[in-house]
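Colleague: Could you put together the complete structure from these sequences and hints?
Quick note, the sequences are listed as chains D and Y, same order.
Under our numbering, the residue at position 17 of the first sequence is numbered 17, and the numbers go up by one with no gaps.
Under our numbering, the residue at position 107 of the second sequence is numbered 107, and the numbers go up by one with no gaps.
To be clear, the hints were calculated from the coordinates, so they are not data collected in a lab.
Some hints here could point you the wrong way.
[Said to hold, decoys possible] Simulated DEER-style distance windows between Cβ atoms:
id: 1; chain 1: D; residue 1: Lys55; chain 2: Y; residue 2: Leu117; range: 25 to 33 Å
id: 2; chain 1: D; residue 1: Asn58; chain 2: Y; residue 2: Arg64; range: 41 to 49 Å
id: 3; chain 1: Y; residue 1: Glu68; chain 2: D; residue 2: Gln97; range: 38 to 46 Å
id: 4; chain 1: D; residue 1: Gly85; chain 2: Y; residue 2: Gln80; range: 24 to 32 Å
id: 5; chain 1: D; residue 1: Gln57; chain 2: Y; residue 2: Arg64; range: 42 to 50 Å
[Claimed, not checked] Residues from chain D shown here face chain Y by an in silico Cβ test under 8 Å; the list is partial:
id: 6; residue: Arg63
id: 7; residue: Gln103
id: 8; residue: Gly104
In this text, all values refer to a predicted model and were calculated from it rather than measured experimentally.
Backbone N, C-alpha and C fix where the C-beta goes; we use that ideal spot for every residue, glycine too.
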Amino acid sequence: AQTVTQSQPEMSVQEAETVTLSCTYDTSENNYYLFWYKQPPSRQMILVIRQEAYKQQNATENRFSVNFQKAAKSFSLKISDSQLGDTAMYFCAFERQKLVFGQGTRLTINP
Amino acid sequence: DTGVSQDPRHKITKRGQNVTFRCDPISEHNRLYWYRQTLGQGPEFLTYFQNEAQLEKSRLLSDRFSAERPKGSFSTLEIQRTEQGDSAMYLCASSRHNLAGGTDTQYFGPGTRLTVL
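Modeller: Have a look at this one:
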């Protein structure tokens, strides 16, 4: 069975700073997908970024980028020029037919 | 594209009652998923459908839980004889899966928050 671990329960940074959220996972599969989802307070889960395991190039989406290390089974999220609206729970997820989520990191961006 | 919708958004019930939730996926999506999220935790997979076929059920899904997707469009999740431990947010997601084995991103609805008194 796959497992996803987010070792940082909470993080807090100042607006405009760069922050990196960590995620590791465990699987015996070779083909899979990895995601970062964002869940703002009392709002629904939305996709931040997606990475296909067969792609060596790290995914980027505007201010969001990932560092995907397949051999190390590591998938961290970097948020550049953080904004107040980035305040949310961030979940790392592994997909092979269904999503397996980590425990989440609560990120607070302070003005 | 109206996104995934869920109804109701909130449900308060007494222990022992039955409840039913509805999920309407994005119209062209053939896969529909149910997850359960308790406070401060990540969502946990419950079950998923491809069209009207239920392809997988989690061991978390006790006999009191049943899900259907009769026409391959909307889905319902029913919980019979609710218990206080069933209190959680129930999330629905949908995606488009192609025959070549590729998977599209799962898009989530706003969830139904269940409180069992």
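Colleague: Would you mind marking each hint as holding or not holding in the structure?
Modeller: Now for the hints, and whether the structure bears them out:
One distance hint, 25 to 33 Å for the beta-carbon pair Lys55 of chain D and Leu117 of chain Y, is violated here, with the actual separation near 48 Å. The hinted window of 41 to 49 Å between Asn58 of chain D and Arg64 of chain Y holds, with their beta carbons roughly 44 Å apart. Between Glu68 of chain Y and Gln97 of chain D the C-beta distance comes to about 20 Å, which lies outside the given range of 38 to 46 Å. As the Cβ distance of Gly85 of chain D to Gln80 of chain Y is approximately 41 Å, the hint placing it in 24 to 32 Å is violated.
In this structure the supplied range 42 to 50 Å holds for Gln57 of chain D paired with Arg64 of chain Y, their Cβ-Cβ distance being about 46 Å. Hint status for Arg63 of chain D relative to chain Y: violated, with the closest Cβ pair at about 19 Å, above 8 Å. For Gln103 of chain D, the suggested interface contact is upheld, since its CB lies about 6 Å from the closest CB of chain Y, less than 8 Å. With 8 Å as the threshold, the beta carbon of Gly104 of chain D comes within range of chain Y, its nearest partner Cβ sitting at about 5 Å, so the hint holds.
Hints 1, 3, 4 and 6, counting from the list given before, are not met by this structure.
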